[in-house]
Amino acid sequence: MTRIGALITIVLPVLLVGLWLARPAGVCPVHHEGRVFHAGEILGTVELGQEFSFPRAGLNRIDVFIGAFGGWSTGPIELKLGLVDPSAVPIGPPDRFRPGGGDPLILGPGWQARQIIRPIRDNWSGLNLLVRSGPARGRLTLTLTPVLHPEGVVVRLESRLADWPAYGWLKLAWPPLARSGGRLFRINLKYDGPVGGSAHLFQQPFFQAAGPDRPAMFSPDDGTLAVIPPDERASSITRYVRSDLIRFFPDQDSHRRLGLLAARPIYPRPPETGPVVRRARAESFWFTDNSFQSFRFAPLPDSAGRRFYFDLSAPRAGHGNAVTAWVDWAPRPDDYVTQAGPPPAGLRFNGAPMEGRLTFRAWRQATKAEAAGLLAKRLGRDKRFGLGLSWTIGIALGLQILALGWLIMTLTGRPDRPGKETDSGD
Amino acid sequence: MSMTGAGRQWALLALLALFAARGWIYASVLPLNGMPDELEHMAQLRLVQYQSLLDQGQHHPSLGVGTWDVAADLARAFNRATVGTPQPERPYGVAAGMTPHSRRSSVYYTALGRLLGWIGVNDPLTAWYACRLVSLGMGLAVIGLVFSGASFLCPPKSPVPLLAAALAGLIPQFAALAASVSPENLAALAAALFFWWAARLLGRGISLLNIVGCGLALIAAVLVKKTALFLSPLIIVGLAARLKGRFFRGRSGLFWGGVAAASLLGISLILFYPPLANRVARIIGLGFYRTYDPRFDWTLFGQPGLWEIIHDQIRLTDPGFWFHLKSLTVIFLKSLWAYFGQMEVTPDWYWYLPAGLVLLAGAVGCLRPAAGVGDDPVGHRATIYSALAVGLAGGLIFIRHVLLFPGTLAQGRFLFPALVPVCFLWARGFWRLWPDRVRGPVAAGAIGVLWLSDQVAVWGAAVEWFYRISP
Numbered sequence: 001m002t003r004i005g006a007l008i009t010i011v012l013p014v015l016l017v018g019l020w021l022a023r024p025a026g027v028c029p030v031h032h033e034g035r036v037f038h039a040g041e042i043l044g045t046v047e048l049g050q051e052f053s054f055p056r057a058g059l060n061r062i063d064v065f066i067g068a069f070g071g072w073s074t075g076p077i078e079l080k081l082g083l084v085d086p087s088a089v090p091i092g093p094p095d096r097f098r099p100g101g102g103d104p105l106i107l108g109p110g111w112q113a114r115q116i117i118r119p120i121r122d123n124w125s126g127l128n129l130l131v132r133s134g135p136a137r138g139r140l141t142l143t144l145t146p147v148l149h150p151e152g153v154v155v156r157l158e159s160r161l162a163d164w165p166a167y168g169w170l171k172l173a174w175p176p177l178a179r180s181g182g183r184l185f186r187i188n189l190k191y192d193g194p195v196g197g198s199a200h201l202f203q204q205p206f207f208q209a210a211g212p213d214r215p216a217m218f219s220p221d222d223g224t225l226a227v228i229p230p231d232e233r234a235s236s237i238t239r240y241v242r243s244d245l246i247r248f249f250p251d252q253d254s255h256r257r258l259g260l261l262a263a264r265p266i267y268p269r270p271p272e273t274g275p276v277v278r279r280a281r282a283e284s285f286w287f288t289d290n291s292f293q294s295f296r297f298a299p300l301p302d303s304a305g306r307r308f309y310f311d312l313s314a315p316r317a318g319h320g321n322a323v324t325a326w327v328d329w330a331p332r333p334d335d336y337v338t339q340a341g342p343p344p345a346g347l348r349f350n351g352a353p354m355e356g357r358l359t360f361r362a363w364r365q366a367t368k369a370e371a372a373g374l375l376a377k378r379l380g381r382d383k384r385f386g387l388g389l390s391w392t393i394g395i396a397l398g399l400q401i402l403a404l405g406w407l408i409m410t411l412t413g414r415p416d417r418p419g420k421e422t423d424s425g426d
Numbered sequence: 001m002s003m004t005g006a007g008r009q010w011a012l013l014a015l016l017a018l019f020a021a022r023g024w025i026y027a028s029v030l031p032l033n034g035m036p037d038e039l040e041h042m043a044q045l046r047l048v049q050y051q052s053l054l055d056q057g058q059h060h061p062s063l064g065v066g067t068w069d070v071a072a073d074l075a076r077a078f079n080r081a082t083v084g085t086p087q088p089e090r091p092y093g094v095a096a097g098m099t100p101h102s103r104r105s106s107v108y109y110t111a112l113g114r115l116l117g118w119i120g121v122n123d124p125l126t127a128w129y130a131c132r133l134v135s136l137g138m139g140l141a142v143i144g145l146v147f148s149g150a151s152f153l154c155p156p157k158s159p160v161p162l163l164a165a166a167l168a169g170l171i172p173q174f175a176a177l178a179a180s181v182s183p184e185n186l187a188a189l190a191a192a193l194f195f196w197w198a199a200r201l202l203g204r205g206i207s208l209l210n211i212v213g214c215g216l217a218l219i220a221a222v223l224v225k226k227t228a229l230f231l232s233p234l235i236i237v238g239l240a241a242r243l244k245g246r247f248f249r250g251r252s253g254l255f256w257g258g259v260a261a262a263s264l265l266g267i268s269l270i271l272f273y274p275p276l277a278n279r280v281a282r283i284i285g286l287g288f289y290r291t292y293d294p295r296f297d298w299t300l301f302g303q304p305g306l307w308e309i310i311h312d313q314i315r316l317t318d319p320g321f322w323f324h325l326k327s328l329t330v331i332f333l334k335s336l337w338a339y340f341g342q343m344e345v346t347p348d349w350y351w352y353l354p355a356g357l358v359l360l361a362g363a364v365g366c367l368r369p370a371a372g373v374g375d376d377p378v379g380h381r382a383t384i385y386s387a388l389a390v391g392l393a394g395g396l397i398f399i400r401h402v403l404l405f406p407g408t409l410a411q412g413r414f415l416f417p418a419l420v421p422v423c424f425l426w427a428r429g430f431w432r433l434w435p436d437r438v439r440g441p442v443a444a445g446a447i448g449v450l451w452l453s454d455q456v457a458v459w460g461a462a463v464e465w466f467y468r469i470s471p
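Protein sequence lines, in the order shown, are assigned to chains A and B. Under my numbering, the first residue of the first sequence is numbered 1, with each subsequent residue one higher. Under my numbering, the first residue of the second sequence is numbered 1, with each subsequent residue one higher.
Derived by calculation from the structure, the hints in this document are not laboratory data. Each residue gets a CB set at the ideal place from its N, CA and C atoms; glycine is no exception. Each hint should be verified, as a subset may be incorrect.
Using C-beta positions, here's what the derived DEER-type ranges look like [stated by the list, open to error]: (1) A/31 to B/403: 33 to 43 Å; (2) B/208 to A/389: 23 to 33 Å; (3) A/386 to B/329: 51 to 61 Å; (4) B/326 to A/315: 20 to 30 Å; (5) B/266 to A/20: 52 to 62 Å; (6) B/329 to A/183: 18 to 28 Å; (7) B/363 to A/15: 40 to 50 Å; (8) A/15 to B/387: 30 to 40 Å; (9) A/183 to B/83: 18 to 28 Å; (10) B/326 to A/104: 19 to 29 Å; (11) A/368 to B/83: 23 to 33 Å; (12) A/20 to B/344: 21 to 31 Å; (13) B/312 to A/370: 50 to 60 Å.
Simulated pairs of lysine to aspartate or glutamate, EDC-like, Cα-Cα distance not exceeding 16 Å [to be verified]: (14) A/80 to A/289; (15) A/171 to A/158; (16) B/334 to A/289; (17) B/334 to B/348; (18) B/326 to A/289; (19) A/80 to A/51; (20) A/383 to B/123; (21) A/80 to A/272; (22) B/334 to B/344.
All chains, full assembly: derive it from the sequences and hints.
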């Protein structure tokens, strides 16, 4: 065996042991791997988070299931971890889950988009509308009219396309509507602009939850999006029924395709849920698309039995450079077939509760011995023929090292002396 | 460097031991249903195991007499054994793929199901792990066939066969698949056997034994998995290459014009004449569409023809088409190396780089101009045929998933039936890339890098995902 062969044979296991020692050990007592859809891009002022209870001491890492839309992202993603103040008064029921990003909804000059919306809370004070700006100019006019209590138009405002972001959430704000919670409102958006111009809005992606077993999801509260051509009376509404995602399940009933505006109601930001106890940051360049990404911080020695919240934000992210997080979301039990277990909960959007739950894991610090012992116990459960037992795995690891060493010795064997028959393999 | 015969044999044994040890660890670490559709395959196996009882209406002591009873027995054991590990979405508590279909058949299901029935393995978990170990044996056999097949194509003391077998033995996805219940294992073995015979024919020349062996191996491979039909053009090309001297020499331009016209006519009929397109597609497309869901078999062929399908799915001016192609390619390459679970368990992207560089080096080496082809005509011909085989296999995968099943994923494991030519190509290219005096150490280093990547995949990705422990 040559010196190089010996070196490689020794270095490899040492590298492996070094990698193992360099990684801190951990155990994950809080884990939610279900995922239905992503929550839209995390960029600008968007804060997406989750509340959870942690049963043990030593909370030191949170993994969130991140998506990068098949592309590459750069820039930091920040996580802030806080304690939920148990004396804080809940601000109300969770708002409906509204994912971001979906099919485009393009309005030409004179076109209108109309939808019913039911805000979940009082003091509704605006709408975040997902938009994209372009070369076109003109203005978008929003009017808001209560449905069941016809007071006429209660909000009317205009937004110039020149002021729109290249891509992102356009904030349309108005004075808070005091008694808005639970009432139905009709939103009307009309674009007026030059011939050939258009306003680019978006629909929410309409999706089937985890396969054809679960029924199509549509909201009885937020009514179907309607698109009205110019010069048509409101009484003859054209129904806009397109969703690319329906094509994935071709056996579904096509009449149930619906559309919803990609719009999120704005409520007064609730008071901070509790004091921030840790902050973490991760560079999105190192993220792998559609997998858990880790945010690590110093362990919390008193985390046992306490309730936490965390929020993710990416203030420097922009369109094409942002990541998203996956969410588990279940239909409301009173609307649809009951699912096994309580519906996922605890999702936060800009500090306010929203239906659903982030796909995440929360870890605690553990010693190598504890982690190895727990792993050995879990590996050995319910196996057969000696599989999963610590000693058979130990033998298998040892055999690998020996076999690998033999292979390396063989490949780095001394070259033949000149004059002997040689073969280069060509 | 060169290796003695005894040295190669010991090295092969070491490699087989290495693969067996890795497979043991994968079989231990991967929970039940830890690789794609494993539960579905096991449900089918159990149905075959008890089919004779069901046919006779007999009542098994712990089961009923219905298909559902077989599935329910497996479901109970599966649910109990997988408590605490992440599993795909389970609406109403029933795992996807649980109910077997009696119409769905495969040589793998039949062979293992009947073996279980003959031995009398009633406990579902014992049956499951037994099948995993049998599948691991198939994987070991593939490693041996890679080595032996490459030996026919290389000079006697060349290390290239060892290198080729080492690559096959160190791909994490291959070991993980071999350590799970999947008909892909038998398909990989059957195709490897075909390539072994093809290598023997190429290396030792045409003989009745080699031709018959090749033919029987091809038939066996197609019986095991119909997508092995992609191997058939290799036979045609090989025969044409061998016969060109005798049959085609001296033919006139008129002859070749006729051949070209006939080929063009055949292709045009297949693309534009629907009745023929459907018939041809049903014959050659059985490998594409053989699935238990009849929707995929026949509905597609109710459309006007293959031309319309191409027109619908190949949209060169649509950015969405290119994005889809890019996504398919990325997933294909990732899942060729390490992508466990139901395509959700993956090492971080930067852990693919070392192995990717090693594999790229082999590909670059293949592209080097052949120096002195006359010195190694067998190796040169083998390289061309291997490249053709890999191209056919890869082309079939992408045609299927881009053109015919656009909603499905092109997975790297679909390339494992072509493991013999893939590994031979890489090994030969890698070996030729480096100067003679550093080849050995560089190859040893490459083996080490591949092994390290595998360890990261197991202990970093798989263990952390499935057991929620970072050891």
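The hints, checked one at a time:
1. Take residue 31 of chain A and residue 403 of chain B: their Cβ atoms lie about 39 Å apart, and the range 33 to 43 Å holds.
2. Distance hint check: the CB atoms of residue 208 of chain B and residue 389 of chain A are about 51 Å apart, inconsistent with the given range 23 to 33 Å.
3. The given range of 51 to 61 Å is broken by residue 386 of chain A and residue 329 of chain B, whose C-beta atoms sit roughly 40 Å from each other.
4. In this structure the supplied range 20 to 30 Å holds for residue 326 of chain B paired with residue 315 of chain A, their Cβ-Cβ distance being about 29 Å.
5. Look at residue 266 of chain B against residue 20 of chain A: about 59 Å separates their beta carbons, and that is inside 52 to 62 Å.
6. The hint said 18 to 28 Å for the Cβ distance between residue 329 of chain B and residue 183 of chain A, and at roughly 50 Å that hint is violated.
7. For residue 363 of chain B paired with residue 15 of chain A, a C-beta distance near 25 Å fails the hint of 40 to 50 Å.
8. A beta carbon spacing of about 34 Å between residue 15 of chain A and residue 387 of chain B agrees with the range 30 to 40 Å that was offered as a hint.
9. Restraint check, residue 183 of chain A to residue 83 of chain B: a C-beta distance of roughly 46 Å breaks the suggested window 18 to 28 Å.
10. Checked against the given bound of 19 to 29 Å, the beta carbons of residue 326 of chain B and residue 104 of chain A, roughly 21 Å apart, stay inside it.
11. Roughly 25 Å separates the CB atoms of residue 368 of chain A and residue 83 of chain B, a value that falls within the hinted 23 to 33 Å.
12. In this structure the supplied range 21 to 31 Å holds for residue 20 of chain A paired with residue 344 of chain B, their Cβ-Cβ distance being about 24 Å.
13. Between residue 312 of chain B and residue 370 of chain A the beta carbons are some 57 Å apart, a value that agrees with the proposed interval 50 to 60 Å.
14. For a cut-off of 16 Å, the pair hint linking residue 80 of chain A to residue 289 of chain A is broken: about 22 Å separates their Cα positions.
15. Between the alpha carbons of residue 171 of chain A and residue 158 of chain A the distance comes to roughly 12 Å, so the proposed pair stays at or under 16 Å and holds.
16. Restraint check for residue 334 of chain B and residue 289 of chain A: satisfied, since their Cα atoms lie roughly 12 Å apart, inside the 16 Å limit.
17. About 11 Å separates the Cα atoms of residue 334 of chain B and residue 348 of chain B, which keeps this hinted pair within 16 Å; it holds.
18. Taking the CA atoms of residue 326 of chain B and residue 289 of chain A, the gap is near 14 Å; set against the 16 Å cutoff, the hint holds.
19. Of the pairs offered as hints, the one joining residue 80 of chain A and residue 51 of chain A holds, with about 12 Å between alpha carbons and a cut-off of 16 Å not exceeded.
20. A distance of roughly 12 Å separates the Cα atoms of residue 383 of chain A and residue 123 of chain B; the hinted pair therefore holds under the 16 Å criterion.
21. Note on residue 80 of chain A and residue 272 of chain A: the hinted pairing holds, with a Cα-Cα distance of about 12 Å set against a maximum of 16 Å.
22. For the suggested pair residue 334 of chain B and residue 344 of chain B, the alpha carbons sit about 11 Å apart, so the restraint of at most 16 Å is met.
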